[in-house]
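Participant: Model the full structure from these sequences, guided by the hints.
2 protein chains.
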Amino acid sequence: MTSQLVIALDAMGGDRAPQIVVRGAEIARERHPTVRFLMFGDEAQISPLLARYPELSKVTTLRHTDGIIRSGDKPSAALRTGRDSSMWMAIDAVSSGEANAVISAGNTGALMVIARFVLKMLPGIDRPAICGFFPTARGVTAMLDLGANVRCNAKNLSQFAVMGEVFARTVMGLERPTIGLVNVGVEDLKGVEEVREAAAILRATDLPIEFKGFIEGTDIAAGTVDVVVTDGFTGNVALKTAEGILKLYAGFLREAFRENIFSKIGYFFVRRSIAKLRERIDPREYNGAMLLGLNGIVVKSHGGTDALGFANAIGVGIDMALHGFIEKMKHDFASLGIAETSQPREAAKL
Amino acid sequence: MTSQLVIALDAMGGDRAPQIVVRGAEIARERHPTVRFLMFGDEAQISPLLARYPELSKVTTLRHTDGIIRSGDKPSAALRTGRDSSMWMAIDAVSSGEANAVISAGNTGALMVIARFVLKMLPGIDRPAICGFFPTARGVTAMLDLGANVRCNAKNLSQFAVMGEVFARTVMGLERPTIGLVNVGVEDLKGVEEVREAAAILRATDLPIEFKGFIEGTDIAAGTVDVVVTDGFTGNVALKTAEGILKLYAGFLREAFRENIFSKIGYFFVRRSIAKLRERIDPREYNGAMLLGLNGIVVKSHGGTDALGFANAIGVGIDMALHGFIEKMKHDFASLGIAETSQPREAAKL
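The listed protein sequences correspond, in order, to chains A and B.
Residue 195 in numbering that gives the first Met the number 0 sits at position 196 of the first sequence, with consecutive numbering throughout.
Residue 338 in numbering that gives the first Met the number 0 sits at position 339 of the second sequence, with consecutive numbering throughout.
I should point out that these hints are in silico values taken from the structure, not numbers from a laboratory.
Note that this is a predicted model, so its numbers are computed, not measured.
Just to be clear, a hint being listed does not mean it is correct.
It does not matter which identical chain is meant; a pair holds if it fits inside one copy or across any two.
Stated by the list, open to error - Here are the simulated lysine-lysine pairs, DSSO-like style, with alpha carbons at most 27 angstroms apart:
1) K246 <-> K275
2) K211 <-> K246
3) K327 <-> K263
4) K119 <-> K327
5) K329 <-> K246
6) K119 <-> K154
7) K73 <-> K211
8) K119 <-> K329
9) K57 <-> K263
10) K263 <-> K246
11) K119 <-> K263
12) K263 <-> K275
13) K57 <-> K119
14) K73 <-> K246
15) K57 <-> K327
16) K246 <-> K327
17) K154 <-> K329
18) K211 <-> K327
19) K211 <-> K154
20) K211 <-> K329
Facilitator: Below you can see the structure in the form of structure tokens.
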């Protein structure tokens with residue numbers, strides 16, 4: 000790794016690209032003055048935007064690309080025809096070693112299949128998982144998978160647990176992160192087979208991870224564990240249900256403050272504390288989902304985020320690169336004896 | 000149906016039984032003065048409690064039962080040995096026609112298997128589903144399955160859609176309720192096979208239901224549809240994630256109001272509006288989950304609720320009985336030509 004980090008940016012991905020990408024990069028530059036950017040996209044659109052930020056221009060190399068992968072494109076089509084796209088070229092920069100991480104707010108499915116095709120999986124890991132942050136009563140929790148794999152077997156889930164553990168330990172700086180596996184509370188069934196089996200694997204294994212067993216949906220926001228593991232279908236629905244509830248509550252709160260003259264007066268006094276509360280659950284603060292399991296750092300920003308949100312996603316990529324996440328994943332998966340899936344004994348272990 | 004409704008109560012189910020059951024019945028009696036109660040449980044414990052409410056005592060018949068099904072009991076064990084329990088006897092009262100509905104705050108798994116064993120399924124329905132209410136920006140949404148079936152095939156899901164539709168139309172009083180099927184938004188995969196297949200069935204069918212196709216987690220609280228259909232694993236996790244988030248937000252809000260002297264002054268002015276907000280999302284208001292698909296009305300109250308919550312669960316059972324829910328289910332499933340699963344053509348339809 001070079002002493003100076005280089006971050007590749009897909010400047011054409013997201014609802015308001017390339018504007019928010021350039022403005023987000025400027026915010027990230029202020030926060031991380033030594034980082035350099037490698038920006039991929041339409042020069043005619045990006046150059047005038049970059050020109051507004053002389054400091055950013057100094058640390059940015061712009062590479063023109065013709066192709067754009069749209070949010071509605073099928074990932075399979077993007078994989079076939081997207082080689083000249085800003086997304087593909089940005090991922091390529093990580094593969095070639097030119098960049099330490101890539102950030103994109105574009106098509107999630109396309110990002111996943113192209114990143115997997117270009118970067119390949121880390122040894123010992125079968126499938127990538129999308130990992131995101133979740134606000135909790137105790138701070139923040141990492142949760143995976145948020146939608147990369149709608150169906151997961153026990154082996155996938157137990158690998159996600161180990162990936163999440165390495166992430167929480169190295170990037171979130173937790174000495175001994177706790178891991179929980181999402182299950183349901185109806186007593187007679189206690190969840191689906193693969194979840195029970197994954198728990199059995201994680202309990203039986205000699206991996207030095209702090210597996211806390213099953214957790215329920217309520218435990219996610221309670222912050223019962225540092226890493227929440229579930230399949231991509233459940234994780235995606237849970238995350239989006241939570242987003243919906245936060246929005247609902249915020250709407251109800253807004254209505255409450257506008258209800259009458261008393262509540263309006265009350266709001267005047269309490270508004271600064273409420274602003275802080277809003278910050279605690281601001282989705283922009285939690286923006287930046289990591290595609291874990293790949294041989295390279297890939298961060299997906301929410302497509303509808305603003306410059307601040309995009310800057311936070313860049314920050315996640317920088318953090319992962321600074322902490323040498325990929326090297327630690329390689330080291331840990333290798334030293335745990337789970338790197339070689341071809342060895343039956345080890346394969347059976349995870 | 001008799002002109003006077005009779006509600007069977009499992010007086011021994013729930014964390015604070017029989018106290019909250021008796022007090023909940025008293026609140027329900029005030030709201031529904033013509034309803035009679037058939038209470039099952041330990042006479043020595045219940046009689047002194049009932050004695051405090053002379054009006055309730057007049058409309059209540061107490062039947063002593065020896066057995067109690069505990070929250071930790073395995074449903075299979077409860078099914079084998081629970082025949083003398085308050086839960087079983089209360090369900091029996093619906094089966095024998097003595098009562099129009101049964102309410103229990105006890106062991107969900109046991110309630111499900113015993114109710115299914117005693118009451119049987121309605122013709123044309125393969126599996127019961129737990130259906131609950133969810134607060135939304137537009138009012139309230141019904142959601143099923145919340146945990147009865149951790150795995151569902153396409154046929155189960157499409158039956159749940161029809162069950163939910165009948166429920167929303169008859170009990171919630173919606174003329175043409177809209178139905179959505181929970182899916183994930185990652186474009187390349189668009190969900191698991193059974194969900195895609197269920198959508199195909201619901202689109203192809205000539206049932207007069209307003210199927211809106213796929214929805215995502217965010218749509219639940221947004222109130223995009225009147226009836227949210229999903230498998231029991233996803234539904235259970237989504238519901239509990241939402242509960243957790245509501246609790247988290249409420250905690251953050253409490254902290255915000257206590258932060259400093261300004262926020263405390265603000266709270267003084269805004270407290271009545273905040274109390275109303277809390278009521279809008281009070282879980283007690285949404286207490287009472289219906290076990291749909293059975294040949295009898297069974298309502299499950301949250302085990303940890305208070306008397307008000309339990310009274311609301313009783314209210315749900317009364318509403319279903321008043322609207323002749325079971326008769327409408329029978330009629331609709333029969334007239335839609337899906338009652339006879341033995342007819343291959345019809346069976347293929349749903």
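Participant: Now, for every hint given, state plainly whether the structure supports it.
Facilitator: Here is what the structure says about each hint:
1. In this assembly of identical chains, K246 and K275 lie within 27 angstroms of each other by CA distance both inside one copy and across copies; the values are 16 angstroms within and 18 angstroms between.
2. Taking the shortest alpha-carbon separations for K211 and K246, only the inter-copy value of 22 angstroms comes in at or below 27 angstroms, while the best intra-copy value is 31 angstroms.
3. Proximity of K327 to K263 under the C-alpha cut-off of 27 angstroms is found in neither arrangement, the shortest distances being 52 angstroms within a copy and 48 angstroms between copies.
4. In this assembly of identical chains, K119 and K327 lie within 27 angstroms of each other by CA distance solely inside one copy; the values are 17 angstroms within and 56 angstroms between copies.
5. In the homo-oligomer, the alpha carbons of K329 and K246 never lie at most 27 angstroms apart, since the shortest distance is 39 angstroms inside one protomer and 39 angstroms across protomers.
6. With identical chains, the CA atoms of K119 and K154 are at most 27 angstroms apart within one copy only, with a shortest distance of 19 angstroms there and 38 angstroms across copies.
7. In this assembly of identical chains, the alpha carbons of K73 and K211 lie at most 27 angstroms apart only when taken from different copies (22 angstroms versus 38 angstroms within one copy).
8. When the C-alpha separation of K119 and K329 is checked against a cutoff of 27 angstroms, the pair qualifies only within one copy, where the shortest distance is 13 angstroms, while the shortest distance between copies is 55 angstroms.
9. Neither within a single protomer nor between protomers do K57 and K263 lie at most 27 angstroms apart by alpha-carbon distance, with minima of 48 angstroms and 49 angstroms respectively.
10. For the identical chains of this complex, K263 and K246 are neighbours both inside a copy (21 angstroms) and across copies (25 angstroms), given an alpha-carbon limit of 27 angstroms.
11. For the homomeric pair K119 and K263, neither the shortest alpha-carbon distance inside one copy (56 angstroms) nor that between copies (55 angstroms) is at most 27 angstroms.
12. With identical chains, the CA atoms of K263 and K275 are at most 27 angstroms apart both within one copy (18 angstroms) and between copies (15 angstroms).
13. In this assembly of identical chains, K57 and K119 lie within 27 angstroms of each other by CA distance neither inside one copy nor across copies; the values are 32 angstroms within and 74 angstroms between.
14. Neither within a single protomer nor between protomers do K73 and K246 lie at most 27 angstroms apart by alpha-carbon distance, with minima of 29 angstroms and 38 angstroms respectively.
15. Within a single copy, K57 and K327 get their C-alpha atoms no closer than 32 angstroms, and across copies no closer than 72 angstroms, so neither meets the 27 angstroms cut-off.
16. Proximity of K246 and K327 under a CA criterion of 27 angstroms is satisfied in neither setting, with 37 angstroms inside one chain copy and 36 angstroms between copies.
17. Proximity of K154 to K329 under the C-alpha cut-off of 27 angstroms is restricted to the intra-copy arrangement: shortest distance 18 angstroms within a copy versus 44 angstroms between copies.
18. Taking the closest pair of Cα atoms, K211 and K327 come within 27 angstroms of each other only inside a single copy of the chain (23 angstroms); across copies the shortest separation is 46 angstroms, beyond that limit.
19. With identical chains, the CA atoms of K211 and K154 are at most 27 angstroms apart within one copy only, with a shortest distance of 17 angstroms there and 35 angstroms across copies.
20. In this assembly of identical chains, K211 and K329 lie within 27 angstroms of each other by CA distance solely inside one copy; the values are 24 angstroms within and 46 angstroms between copies.
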